[in-house]
Amino acid sequence: MSALPANDPRLKSPLPLEIHDLTVAYTKRPVLYGIDLEVPQGSIVGVVGPNGAGKSTLIRAIMGLLPVASGWVEVFGEPFKEAVTRVGYVPQRESVDWDFPVNALDVVLMGRYGRLGPFKRPNKSDKNIAMACLEKVKMAPFAKRQISNLSGGQQQRVFLARALAQESDLYLMDEPFVGVDAATETAIIEILRELQSQGKTLIVVHHDLTTAPDYFDRILLLNMRVVAYGNTKDVFTFENLQNAYGGRLSILSEVALSRARKKAEGDTPEDLLR
Amino acid sequence: MRELLPHAVSNGRKQRLAFSIFGILTASTIAHATKIGEISETSWTEQALDFVSLEQPVVRTAVLGTLLIGFCCGVLGSFLVVRKLSLLGDTLSHAVLPGVALGFLWNASKDPWAIFIGATAAGILGVALVGWIKQTTHLKEDSAMGMVLAGFYGLGICMTTMIQNMAMGNKSGLDKFFFGQAAAFSSGDIQLLGIISILTVVLVLLFYKEFLAISFDTGFAQAIGMPVQVLHYALMALLTFAVVVSLQAVGVVLVSALLITPAAAAFLLTDRMHWMLILAAGFGMLSGVLGAFISYLSNNLPTGPLIVLGATLIFVLALFFGPRHGFLTKTLRRKRQRQRIALENTLKSVFYLCENSDFERREFVVAELAVERNSNLPTTEREICNLVKADMAEWIVDSNTPSMSGQTRFRLSKEGWYRACEIVRNHRLWELYLTNAASYESDHVHDDAEEIEHLIGESIVKRLEDRLENPIHDPHGRLIPRRDQVIA
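As given, the protein sequences belong to chains A and B, one line each in that order.
Each residue of the first sequence is one higher than the one before, starting from -15 at the first, in the numbering used here.
Each residue of the second sequence is one higher than the one before, starting from 860 at the first, in the numbering used here.
Please keep in mind that the hints were generated in silico from the structure rather than gathered at the bench.
All C-beta atoms in this analysis are idealised placements derived from N, C-alpha and C, irrespective of residue type, glycine included.
Certain hints may be false.
Stated by the list, open to error - Listed next, the stretches of chain A that the computed footprint assigns to chain B, with coverage defined by at least 3 CB atoms under 8 angstroms from CB atoms of chain B:
{"hint": "1", "region": "83 to 90"}
{"hint": "2", "region": "172 to 185"}
Claimed, not checked - Once the Cα atoms are required to be at most 27 angstroms apart in a straight line, the calculated DSSO-like pairs of lysine-lysine come out as:
{"hint": "3", "chain 1": "A", "residue 1": "K65", "chain 2": "A", "residue 2": "K122"}
{"hint": "4", "chain 1": "A", "residue 1": "K128", "chain 2": "B", "residue 2": "K1189"}
{"hint": "5", "chain 1": "B", "residue 1": "K1321", "chain 2": "A", "residue 2": "K120"}
{"hint": "6", "chain 1": "B", "residue 1": "K943", "chain 2": "B", "residue 2": "K999"}
{"hint": "7", "chain 1": "A", "residue 1": "K128", "chain 2": "B", "residue 2": "K943"}
{"hint": "8", "chain 1": "A", "residue 1": "K128", "chain 2": "A", "residue 2": "K108"}
{"hint": "9", "chain 1": "B", "residue 1": "K993", "chain 2": "A", "residue 2": "K65"}
{"hint": "10", "chain 1": "A", "residue 1": "K122", "chain 2": "B", "residue 2": "K1321"}
{"hint": "11", "chain 1": "B", "residue 1": "K1248", "chain 2": "B", "residue 2": "K1189"}
{"hint": "12", "chain 1": "B", "residue 1": "K1321", "chain 2": "A", "residue 2": "K128"}
All chains, full assembly: derive it from the sequences and hints.
The structure is reproduced here in structure tokens:
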């Protein structure tokens, strides 16, 4: 006696991303509290919130780059480590040194490394895939260019091409629109839509409130906890935005801060409640 | 006077004391930093031949040793340089010192393996401490490295001093870790070096893409499932090995130079990681052999510092003569560009002369061009000479005209006309583009076009033509010469 109707998607395949009660606290700074999130396949989710709201932390926590205090993350029904080849990642552009001695093609080829596994070198077909990805972001003529000789927008496109080369089903993108020119922004959003039309799922950290409703069909308003999550038209309301940006969470952030401090000093969170 | 005397005496004594301490220090440094081979009366050419023939075993071990050290340090140092961890080389070389002392204490001899194990343990402990400080405090990596460096070094000095004050047998070898002594490679040292070199080659080849990924973008490497911490510590372990085996050749202070300098020189010369590794390995080996060679030729210069000087020389050469970023190369390139622009400006003026004659005349005299170029006769003549040298013009020798009167005639070659048309075309297309597409006033565009005409290439010209729909006239109503225009 199944309680689920026959057309329920959960019977067919697990969700691309499911987060349950995820809490992340650095010793230096508390960040995320009790995050619940279910992302259906084929959606573009914009992660929006003020500075320090934990947007990047959420992305990094999903990938297991940060120690998680409690809760769990599942990617396609598995822990992240098991599904690692199904997840593509676009880090923030400032996270790397662009003077590094590699050219654009080298960077995009790194997108293939995850699939190659240890001891294997990228072969001809990997190079072809990487070139095709550069082509897709209109960067093929710059394949042999050392990466410091690219503009900010071009560098961002190279990062996007690297993620495309991962040929994943779920993409996590950390501020792909920061510091890019209008042409690049349009190019990127076109590629995101194309990925969506192929049934891929995208989670995109975004800082620009004015474009967010145009770009994403779902929005996660984040400020240390989920302020609102759902279809863009339901979430993108004045009240929700004010909740996310208006600083009404001062008590939560204060408690969170002192909790993290106490924890670093060895006290358990329960001590705080006394 | 009497009151002053004791003071003066004590002053003199102090000076003498300082002097003798200085003398002992200098003498001991020179004594420790021994050169390869014995002092001989032979000439330096014979010495050089002797070295190159590799007949003496001591030369062979020194060359082999310095080659292997240069190789390991070059390859592994490259990863430090691209990861902005250059100070880590220094940290490692100083941090291993307590381990060296412990290894020495273990069986009271300079058993290379005991020292190697002790030093490696200390080095890795140092690196781990840096990582731990960085992770648990607000301190940045550079402060952590500086502290670990000094702390371990202090401990190391105390321990080695204690050992030297102890009544023990063979303790003479310990000092070479401070100053380096390439001449003193034992067969055990060479064996160890060989093993480390092979390990370096094998690991870097096997895990090249992993090392590349964690060096460029650690977060991404972790996100695609690479064991970043394991790889990082594997690299650090290799580095520690390299530092430990290099230590006795060049000494604590100079090891980091061997790690950084060849890699930095390679970084200036290439922008691909694998080329950087190859170049740095080559530079490391070259400076190693260079140091050993010069040390052998000169009778009392120490090998370690000479190796480092060799590496520094290579770096300076790369800095000045590097094909892309070298100072001299850049200056030369700029000079060549200036010459090209001057040439093109002369050609353009000749074109204007031709245009002013309604494309009737093909031959002109120097004086005409001087007026057109707003210049004097000698300068103009020199400019035409440059054109002639570049096969773009020729003098028309005519016995009737007296020389030096500015009446010497010349004409452009086919190549010269072609270039002249091209330049005028670039100029006028750009003017038209600025007025049409960028809405400049037509009297504002000339100066900008004067610069751009020398810079735009064929593909941009093609795009300009397409955009302007193959125009015939420029904004001032003058003809834009066609690509296939034949004037000559």
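Against the structure, the hints come out as follows:
no., hint, result
1, 83 to 90, "holds (count 5)"
2, 172 to 185, "violated (count 0)"
3, K65/A with K122/A, "32 angstroms, violated"
4, K128/A with K1189/B, "21 angstroms, holds"
5, K1321/B with K120/A, "24 angstroms, holds"
6, K943/B with K999/B, "13 angstroms, holds"
7, K128/A with K943/B, "24 angstroms, holds"
8, K128/A with K108/A, "16 angstroms, holds"
9, K993/B with K65/A, "26 angstroms, holds"
10, K122/A with K1321/B, "20 angstroms, holds"
11, K1248/B with K1189/B, "24 angstroms, holds"
12, K1321/B with K128/A, "23 angstroms, holds"
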